[in-house]
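Colleague: Protein chains in written order, with the numbering used here: chain B, 1419 to 1637; chain G, 1419 to 1637.
None of these hints come from the bench; they were simulated from the model.
Some clues are possibly wrong.
Note that identical chains are pooled: a pair holds if it fits in a single copy or bridges any two copies.
Said to hold, decoys possible - In silico SDA-like links for lysine to any residue, alpha-carbon gap of 25 Å or less:
(1) Lys-1590 <-> Pro-1553
(2) Lys-1590 <-> Cys-1557
(3) Lys-1485 <-> Ala-1508
(4) Lys-1485 <-> Leu-1628
(5) Lys-1522 <-> Leu-1471
(6) Lys-1590 <-> Arg-1436
(7) Lys-1522 <-> Arg-1491
(8) Lys-1485 <-> Val-1634
(9) Lys-1590 <-> Leu-1615
(10) Lys-1485 <-> Gln-1516
(11) Lys-1485 <-> Pro-1429
(12) Lys-1522 <-> Pro-1428
(13) Lys-1590 <-> Asp-1455
(14) Lys-1522 <-> Gln-1631
(15) Lys-1522 <-> Asp-1597
Number of protein chains: 2
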Amino acid sequence: MDETRAVTQPPQFDLDFRDQLEALFRWRRDVRRFRTDPLDPDLIDDLIALAALAPSVGNSQPWRFVKVEDTHRRQAVRANFEECNHSALAQYQGERAQLYARLKLSGFDRAPVQLGVFADTHTQAGNGLGVRTMPEMLCYSVVGAVNALWLAARAHGIGVGWVSILDPVRVKTALDVPDDWTLIAYLCLGYPEEEHLDPELERSGWQRRLDAQQFVLRR
Amino acid sequence: MDETRAVTQPPQFDLDFRDQLEALFRWRRDVRRFRTDPLDPDLIDDLIALAALAPSVGNSQPWRFVKVEDTHRRQAVRANFEECNHSALAQYQGERAQLYARLKLSGFDRAPVQLGVFADTHTQAGNGLGVRTMPEMLCYSVVGAVNALWLAARAHGIGVGWVSILDPVRVKTALDVPDDWTLIAYLCLGYPEEEHLDPELERSGWQRRLDAQQFVLRR
């Protein structure tokens, strides 16, 4: 994972690699059903190092990672999820409400590792390049890091679940992070109980996969 | 690229694949110096299909892709970039301004393919799941698709450059897309003139790579 291991000649990726990359994309999944087996702490650091290879606006590298280990902090985040999830359920009616109530939307119950991922929107790194007209690019850069971490984790057989049913301000308070940081993602990590090719929300009848071609315009 | 080719047993990724995935992350780059050779249009559709395997909140799949082919529309976007870049330069003083002026910050001059990537923030898909407390998740889902497309492109030897020095509202107007859409990324694609392990902004002295471990807290 260190620089000395990196090849110095541009890699040529072949069809076999591209097929495996596609399989990685197809089998990534948002995981909410975890085994409790611990993860190797060094591996988490390796995943964070890989995440930090994501593109960032102006090379600003605004990603900030919080390893959430304290039981009380974890309980505070989980309680916040339960409350937000309860409020979300109240938005739905009839069959849709029944379906929502049956969904398992977080892995807080068992995931051995929890990571809060934030954007430092006041970082000096990058010297403001590329954010004048699109300041949201700092947050988008951190999203890229989350996606890289997710793919790298799955390549190690580790599942990731991104929980967004949270009040981001209260998560910041629970984790005692600097005011300048913005919550981008709260992640549960662990070995998955089961592997699936189809998203859980498709399997449960919540939302099916759509054909991407219908989302393409020519101008 | 179609479903029938997908394996039906969960893939086991080995060390060789993980090493190649790391090489893909390391050599991805934001490319601004392109060769003018055309790209196979079918390959662009394949890349969009792979991008649509990215995670999305509530399985909402809010990504919308615009293939920008019309010369006048391309000129309008490029003129917008030139104007925004001129204004951005005026923010810097002294050596930093001289350095900024020397940077090549887009591939508009030669990239054979241009893609506008938008989020449909009013989509009904996903039924509102996961966006009540974090509505920005719809835009973040599209960022994930951009990152997947970027990695898949590089695995085919194709370079991608993300241009954010643009007025997103004027890009929407130039491309004549629905009001409900939000510009996430404007991408230039093509075969790169050269391959690099280090980001161009590092090589030019704008912003160096930072050690990711300094961005990790324990809580």
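Colleague: Confirm or reject each hint.
Modeller: Now for the hints, and whether the structure bears them out:
no.	hint	in the structure
1	Lys-1590 <-> Pro-1553	both (21 Å within a copy, 17 Å between copies)
2	Lys-1590 <-> Cys-1557	both (15 Å within a copy, 21 Å between copies)
3	Lys-1485 <-> Ala-1508	neither (32 Å within a copy, 40 Å between copies)
4	Lys-1485 <-> Leu-1628	between (35 Å within a copy, 19 Å between copies)
5	Lys-1522 <-> Leu-1471	between (32 Å within a copy, 21 Å between copies)
6	Lys-1590 <-> Arg-1436	neither (39 Å within a copy, 33 Å between copies)
7	Lys-1522 <-> Arg-1491	within (21 Å within a copy, 45 Å between copies)
8	Lys-1485 <-> Val-1634	between (39 Å within a copy, 7 Å between copies)
9	Lys-1590 <-> Leu-1615	neither (34 Å within a copy, 35 Å between copies)
10	Lys-1485 <-> Gln-1516	neither (34 Å within a copy, 40 Å between copies)
11	Lys-1485 <-> Pro-1429	neither (33 Å within a copy, 28 Å between copies)
12	Lys-1522 <-> Pro-1428	between (43 Å within a copy, 22 Å between copies)
13	Lys-1590 <-> Asp-1455	neither (27 Å within a copy, 48 Å between copies)
14	Lys-1522 <-> Gln-1631	neither (30 Å within a copy, 33 Å between copies)
15	Lys-1522 <-> Asp-1597	neither (31 Å within a copy, 34 Å between copies)
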